[in-house]
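Number of protein chains: 2
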Amino acid sequence: MWRRNFVYLQKNVSNIFSASKISNSRCNCVHKLITVGYYHSFKRPQNITSKANFQYLHDVKLVDNVDTDSNTFTYRTHTCGELRSKHSGQKVTLCGWVQFQRLSKFLLLRDAYGLTQCIVSEGQDLPDIPLETVVRIKGTVVQRPKNMINPTMSTGEVEVIIKDCKILNNVNKLPFNLRDYQKPKEQLRLQYRYVDLRFPEMQSNLRFRSNMLHNMRKFLIEKYGFVEVETPTLFCRTPGGAREFVVPTHHKDLFYSLVQSPQQFKQMLMAGGVDRYFQVARCYRDETTRPDRQPEFTQLDIELSFTNLDGVLTLIEQLLYETYLQNLPKPPFERLTYKEAMESYGTDKPDLTYDLVFKNLTTLFKQKSKDLNFGAYALPYPSELGKLTAKSKEKIRELVKKYKNKVILHENIPKELGEDLAERIKHEIGSNSCIISMGESGNSCSCLGEIRELIASLLKSKNLLVTNEVIKPLWVVDFPLFVKGENGLETCHHPFTAPHPDDLDLLHTEPEKVRSLAYDLVINGNEVGGGSVRVHNAVLQEELLKILNIDSEKLSHFMDALKSGCPPHAGIALGIDRLVSLACNAESIRDVIAFPKSHDGKDPLSGAPNTISLDDKKYYHIV
Amino acid sequence: MWRRNFVYLQKNVSNIFSASKISNSRCNCVHKLITVGYYHSFKRPQNITSKANFQYLHDVKLVDNVDTDSNTFTYRTHTCGELRSKHSGQKVTLCGWVQFQRLSKFLLLRDAYGLTQCIVSEGQDLPDIPLETVVRIKGTVVQRPKNMINPTMSTGEVEVIIKDCKILNNVNKLPFNLRDYQKPKEQLRLQYRYVDLRFPEMQSNLRFRSNMLHNMRKFLIEKYGFVEVETPTLFCRTPGGAREFVVPTHHKDLFYSLVQSPQQFKQMLMAGGVDRYFQVARCYRDETTRPDRQPEFTQLDIELSFTNLDGVLTLIEQLLYETYLQNLPKPPFERLTYKEAMESYGTDKPDLTYDLVFKNLTTLFKQKSKDLNFGAYALPYPSELGKLTAKSKEKIRELVKKYKNKVILHENIPKELGEDLAERIKHEIGSNSCIISMGESGNSCSCLGEIRELIASLLKSKNLLVTNEVIKPLWVVDFPLFVKGENGLETCHHPFTAPHPDDLDLLHTEPEKVRSLAYDLVINGNEVGGGSVRVHNAVLQEELLKILNIDSEKLSHFMDALKSGCPPHAGIALGIDRLVSLACNAESIRDVIAFPKSHDGKDPLSGAPNTISLDDKKYYHIV
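In the order they appear, the protein sequences are chains A and B. The letter at position 107 of the first sequence is residue 415 when you use this note's numbering, and the numbering goes up by one with no holes. The letter at position 299 of the second sequence is residue 607 when you use this note's numbering, and the numbering goes up by one with no holes.
For the record, the hints were derived by calculation from the structure and aren't laboratory data. Incorrect hints may have been included.
Since the list gives no way to pick out one identical chain from another, each pair is judged satisfied if it fits inside one copy or across any two copies.
[Unchecked claim] In silico BS3-like pairs for lysine-lysine, Cα to Cα no more than 25 Å straight-line:
1. K768 <-> K701
2. K871 <-> K674
3. K638 <-> K871
4. K399 <-> K854
5. K734 <-> K674
6. K910 <-> K560
7. K560 <-> K926
8. K862 <-> K926
9. K925 <-> K560
10. K925 <-> K910
11. K699 <-> K560
12. K446 <-> K667
Turn these sequences into a full structure, and let the hints guide you.
Here it is in structure tokens:
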């Protein structure tokens, strides 16, 4: 919708606004929203990964703000990004931070919307105001002399002659300067986040996040009648899930758990007749030991009744197409089964922006192995890459170690196999340059999958990687329902995932072979969402819990809900932090979160977590 | 906006849609949203309080859903509230719950959108399907015979001839029936919330809540350029606030605190240049011992830079006027100072829908008292109420006890005062019927304030209460900055509240007399929001913390933020649970929360809080 109407939008705004369809009203909205964005000219950090080249909706520069008014309820008349030639002669009040001062004449004033150059009248001098001081400037807009126009600045046609400059707040020495070319280390940025947030990238990221979520809400509520329902975060422990934070209460030995997702609630909402639910939900997992994880994170949580796998996938495709990135390919997105993904790319979240695909050589090698699960796969790559360096080989050896040397790797086609076999392999893969991995099938694939990423980055560094579209969303479906864990079978998704109807017979005979109706959404190698058709039948749910060795007594409320007349339903959760960081080309999800924790779950800003008083401990019975 | 365009909207929808202003696009949106609501004909519980008579935006019945599509991505073709004469002859698929079955012929199918009558063809019989069974019905829409049309049902013109009826899920015995006239006790409703949610009121309340919040987001983001920023809930303890839940971590003796509000974060966002912030924020307070409080609740949290008290008040008036209740009076809302409110109504959250106002008689009585803070107030009421009953008098005696008998009460004008004084009092208050309260001024007012509510309900029960508009929003301003606590001065709002600039001189001499720039929003006697202009000057903030005996070291990150170039700013938080429950005429905030806790913070549904394993306790070092 957006794309198609885009050109019209520029030509004739009112024409678009006159249509009554939501799709157009959405354009209308996006149009208004994106113009609010931060349009400093700033450099985005160059990134060698394939994540570059996203086209943000908020990157599109349209006409000036229409309708959106960022000045009402304040004592400024304009933002620092707003003034143009047409404002010449107007008396204005601007508020902002002193970005720069020059020759005691010029003062560059900054706020979240841009920069405006202010000057003192002839014969006057500016006092020396420290950078980042907060000031209010009253003055008159004048056109700049032609040779002074700055085309790289949105307000570069004009400047403001200062009539009155009032210091609203002083500034102490700052921990770092607000200059793009001297970005401080992350630890320092997090410790002084309130200063770091003034960087254009952070402003841009937070505003993109707000706009994206708002557009998603509009899509879900206005276009498709979804209801946003807030569900509790203080709940009871979910058996069989991730580690959940506990919250002690005043009642001795009684604890809440912080929800790892609203899963049970959204299913109970389905039983309760709220048939089209969503929530921008705060979730908690105590995974502070894993890097790049936040103890609290946000997901767009969606659930529908009377739907199936295709229903959910279509919904999400449409949602992302209309509210996420401008250059997202038109739905439907590509789908791969888990098996296909593993055997072609060695991972369940392959990056399909480039064409490095495995060739299955199992039949050629099989006779040599007694392992029933033996597999042999080759990863052909362009010969132009040349011989692998010692460093790359070392990296590959490290990878193989991770698989406990159960994988045999060959660089190129090994001569010791005999000329005949070598010829057949060469014929099969159509290249002389390849890496062959063999051993237990799953391990061989996974190991080769990691090597695939390494080869891709080597190719990229030499400009040899053939890339497809810049954004390749992909559904991975038909995941196994169970995985073997230390104590028997464990769930691959969560215990409420429906088995594939074609595999129900295998549930008690060969449960490991049962596929599920779970699905993951992968964008350029990043898992950005996952969901499933759920079990709505209490008898089947009971069976699954038994197989998983989960005491259904601990879920009696949930089991009762299934027995109360629960409709068939399915849903998904999208990781908002990840989606936004991809779109904003951020180096980490921390760059799209206003106040993130650092690696170990610590908050460098406030020092949290902290010690608490003995009284508090006594109150909560945790002495 | 809404009101003025409302009539046009019905007459000529496309005409309204053609305008490009947001105010109209908002109408457009509201219009679409409210038609999605639940339009069963159901009785709202009659309530004797003044909270009745709210006109909900979602109560307005407009034309059928325009644009909003609640069927896409599902295998139903229509909802159970959608079919009309115009659909006659169409083949449809409906999914829902069996609400009623009659004569083995008729089946009333229910979903969140309404009821549709389905019938079997001539000569066929329906099997006996238990109520609340989930079924899918395929059939053909036919016009009902004229004498069978049911005008109380939105789908009452048609019925569906069943071609195929498939049971999608069975139902076990339910804890209660879904009939309006036998509403179960709340404990049972909370325990089986997933069944309770099927009641029309609950569906309606949740949908109103979702729509209201969405409209507020549209207002803030699209019309006024606000940015929604998610802030952490795992944080450090705020000194001097409410009791905060603690969250143990894997690090021995280190705890997060669950935020009681995003106060510090939103102020740091201001320092960070995010000048127009809002968030629909989850907040936590461990107040499980207080009735009608939830351990977690939602507030619409707003903060602006470069603004003042009037800026915030105007913003909120406009926000509520455009997105809340249809019959909210046009801004500006009435304002009372704290002193005025106390001396006229005996409370800082007076219900102004009725006219019972104190008369100040202090000067008449003053010579008799040595108390410097002596006050005497009369509450005149219509003589038609007659003599107070023994029961009412007993209630009043109980009230006086609460004030430790420091208040002397008189029913009517006491003769023992002498005829002269009695006559002067009568002249002053213009009525013979009154209650006089005297003693320490604050106590006299507060006590009489409670009596005012009692008298109002007595008058109401006899239809003698003269009421003004049905909704009377009110700002209470000029609160005292400090209150006397057990250990010296405490903050009246929170430690970051700005003192009134006119009272700065008193800060060190008579701090109790210092007014603050705090404000509360009161609707019909309910405090629905509060906020303040904040301190942006680090020196002043340091002084206030010293007076409050709060160690500023514990807030060093916050103090540093103020020193980093923090703009002047102000903000507010609206209690969403309270706002929605008022609008929905709900008996408690629990009726507008999908899964609330009961009084003691317990969750009757899951049994949370629960015990946890010894392993977990060891992991978190809380054995």
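Check your understanding: Among the hints numbered above, which are violated by the structure, and what are their numbers in rising order?
Key -> 2, 3, 4, 11, 12
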